[in-house]
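Visitor: Please put together the full structure from these sequences, using the hints given.
The sequence shown runs 35 to 384 under our numbering.
FYI, nobody ran anything at the bench for these hints, they're computed from the structure.
Each residue gets a CB set at the ideal place from its N, CA and C atoms; glycine is no exception.
None of the hints are false.
Simulated DEER-style distance windows between Cβ atoms:
hint	residue 1	residue 2	range
1	P250	R370	46 to 52 Å
2	R370	T86	46 to 52 Å
3	R230	V259	35 to 41 Å
4	K369	A271	40 to 46 Å
5	Q292	Y217	41 to 47 Å
6	S311	R230	40 to 46 Å
7	R303	S377	28 to 34 Å
8	K165	D69	48 to 54 Å
Straight line, CA to CA, 27 Å or less: simulated DSSO-like cross-link-like pairs of lysine-lysine:
hint	residue 1	residue 2
9	K369	K320
10	K247	K165
11	K165	K345
12	K345	K247
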Amino acid sequence: MSAQPNPWYERDERFIQAHHQPACLIDLALTRGIDSHRLLRGTGLFYQDILTGQQRICTEQFLRLIDNAQQLQGSDDCSFLFGQQLLPGHYGHASHALRHAQNLSQALERLVLLRRRVSPLLTPRVRLDDKFVYLHWFDSCGTGAREVFLVEAAMTAVTAMCRWLSGEPLPWQYQLRHTQPGYIEQYWVHLGEDVRFSCPQNLMRLPREYLVKSWPHASVTVGQVAEQASLHELAAANELAPSILDALFDHIHDHISQSRMRQPLGLERLAEAHGMSAATLKRKLKRHDTQFQQQLDQVRTYIALDLYLSKGFSSDEVAAYLNFNDRANFRRSFKRWTGHLPSDLIGRLA
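Guide: Pasting the structure below:
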């Protein structure tokens with residue numbers, strides 16, 4: 035009897051192909067005169083192993099490489115220049131699928147579908163309303179302090195890819211969780227001037243009419259074949275499963291969104307739903323640099339902002355949807371999640 039694929043992957047799994055995104059970061063450092071031995075120190079990698087095209091690494095190794103690259107280069111543009119190289123990338127069928135997307139809608143669908151190949155450390159999530167398409171970026175593997183670097187790279191990657199494939203710059207708006215850094219000019223150069231900091235979540239927003247504008251030079255057949263070939267590759271390697279943080283996000287989101295299941299969800303119930311003890315789940319979350327309350331609040335924020343900004347809910351309606359019986363308690367919780375009261379934040383993000 036064959037073993038069943040794991041329902042998710044964790045940060046110690048070697049699923050990142052070293053000659054893909056890690057190689058882009060290595061090459062960027064090498065062009066700046068960084069010695070490869072110093073760059074790879076502590077990663078467990080050797081440059082010759084990467085050249086074989088067979089080496090796979092885990093999240094922790096990639097994060098150590100990012101730490102080394104940042105420390106050794108000491109420049110503010112490292113993440114942005116790294117992002118310029120990432121998409122469509124050189125990741126075989128997955129990159130061909132992105133390269134031949136017919137429009138932004140299809141490109142975003144493939145970005146989400148093939149994320150383990152094209153975005154191994156951050157999870158893209160797409161949301162639509164009557165006016166905008168939203169591209170959210172969530173930590174999928176416990177990236178900790180490197181999240182800023184990775185978000186800067188991811189947003190730059192999508193911006194650059196869309197500019198190239200559409201043949202024009204798209205009017206993306208950017209919202210970032212971290213405070214405004216001292217190198218704001220790098221954002222203006224690589225992203226644009228519509229950038230907001232100290233926001234509840236990391237996301238890009240674009241008027242939705244850009245979703246279906248045809249992109250020149252796309253081959254429909256090549257794109258479809260490449261997408262299917264990439265999915266076959268992922269399935270053969272048992273790599274269609276989400277990360278543990280993605281799986282928990284989806285479970286919490288579904289629990290809140292389904293009216294019959296709006297009872298409070300605690301660590302114990304979440305652990306039981308995934309066939310483990312609360313202590314085991316708590317330990318796994320700690321290994322991913324997070325905890326249950328942080329994950330719960332992240333999903334509540336995601337849902338609350340959608341209800342406020344996209345569906346026009348009042349605070350009483352949002353509080354009831356999220357199972358808060360007391361409006362004052364909801365307002366306090368919302369401020370803890372986002373740093374702002376709903377009335378202050380919604381006007382700022384609209």
